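> Number 251 in the working numbering belongs to position 160 of the sequence shown; there are no gaps in the numbering.
None of these hints come from the bench; they were simulated from the model.
Note that the structure is a prediction, hence the values are computed from the model and not measured.
Among the hints, a few may not be true.
[To be verified] With a Cα cut of at most 16 Å, we get these calculated EDC-like pairs of lysine to aspartate or glutamate:
| hint | residue 1 | residue 2 |
| --- | --- | --- |
| 1 | 193 | 219 |
| 2 | 186 | 126 |
| 3 | 212 | 130 |
| 4 | 151 | 130 |
| 5 | 249 | 174 |
| 6 | 249 | 130 |
| 7 | 183 | 219 |
| 8 | 254 | 112 |
| 9 | 151 | 126 |
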Amino acid sequence: MVNFRLLISLLLILSSCNCDDEELTLTRMDYVGNELRVDGYYYYEFESDVPRVAIYFLYKNGIVIDGGSPAVSQISEREQQYESGEYYDLIKSSKDNWGVFKVVGNEIDIERWYPGDPPLKVFLNTGEIINDTSFRITSFSNPDGSDPEARDELYRFKAFSPKPDSTNVFIE
92 MVNFRLLISL
102 LLILSSCNCD
112 DEELTLTRMD
122 YVGNELRVDG
132 YYYYEFESDV
142 PRVAIYFLYK
152 NGIVIDGGSP
162 AVSQISEREQ
172 QYESGEYYDL
182 IKSSKDNWGV
192 FKVVGNEIDI
202 ERWYPGDPPL
212 KVFLNTGEII
222 NDTSFRITSF
232 SNPDGSDPEA
242 RDELYRFKAF
252 SPKPDSTNVF
262 IE
C-alpha cells in the first residue's frame with residue numbers, strides 16, 4: 092500500500108508541473124512592406140569549430156524559419172535540402188525551427204523558439220534594417236526585453252528559390 096501511495100504522490104507532482112513550451116508574444120502578421128526582400132534567405136557568417144552561417148527564411152505571411160547553421164563548405168548541400176523539401180520534412184514537426192518576425196520602420200524583431208530541454212524557451216532578436224538586403228541583430232533577450240545581450244550579427248540576403256514551405260502547426 093505504501094508503494095501505491097508513493098506512486099500516486101509522484102504522479103500528482105509530475106502532473107502539476109507546468110512543462111508547456113513558452114508562447115510567442117509577437118502576433119503573426121502578414122509582411123506587406125518592402126524594407127526587406129523575402130525571395131530568398133538571410134545569412135550571418137560566424138566562427139565556430141569551422142566557419143559557419145546562420146540562416147533565416149522570412150516569409151510574406153510573417154513566419155520565420157531557422158535554416159540551421161551549416162558549415163560554409165556545406166551550404167550547397169543544405170540548399171539542395173531546401174530545394175528538395177528534405178529540410179522541411181526534417182523541421183515540420185520541430186517547434187524550435189519556427190517563429191515570427193515583425194518590421195516597424197527600420198527595425199526588425201524576430202521571435203522564435205530555441206532548442207533545449209523541454210519546455211522550449213522563446214527569445215527575441217532585435218535589430219536594425221540597413222537596406223532591403225541586410226539587417227543587423229543588435230540584441231538578444233527574453234520576449235519582454237529583459238536580460239538583453241548585445242549582439243552584432245550582420246545578416247546578408249541571398250536570392251534563393253524554392254524556399255522551404257512555411258506551413259506549420261505551431262503558429263496561427
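> Give a verdict on every hint.
Consistency of the hints with the structure:
Pair hint residue 193 plus residue 219 holds up; C-alpha atoms about 12 Å apart against a cutoff of 16 Å. Proposed proximity of residue 186 and residue 126 is contradicted: the alpha carbons are some 27 Å apart, above 16 Å. For the hint pairing residue 212 with residue 130, the CA-to-CA distance comes to about 29 Å; that exceeds 16 Å, so the pair is violated. For the hint pairing residue 151 with residue 130, the CA-to-CA distance comes to about 9 Å; that is within 16 Å, so the pair holds.
At most 16 Å may separate the alpha-carbon atoms for a hinted pair to count; residue 249 and residue 174 meet this at roughly 14 Å. Straight-line distance between C-alpha atoms of residue 249 and residue 130 comes to about 8 Å, which keeps the hinted pair within the 16 Å bound. Taking the CA atoms of residue 183 and residue 219, the gap is near 29 Å; set against the 16 Å cutoff, the hint is violated. Taking the CA atoms of residue 254 and residue 112, the gap is about 27 Å. The hint is violated against a cut of 16 Å.
About 12 Å separates the Cα atoms of residue 151 and residue 126, which keeps this hinted pair within 16 Å; it holds.
The structure fails to meet hints 2, 3, 7 and 8 from the earlier list, while all remaining hints are met.
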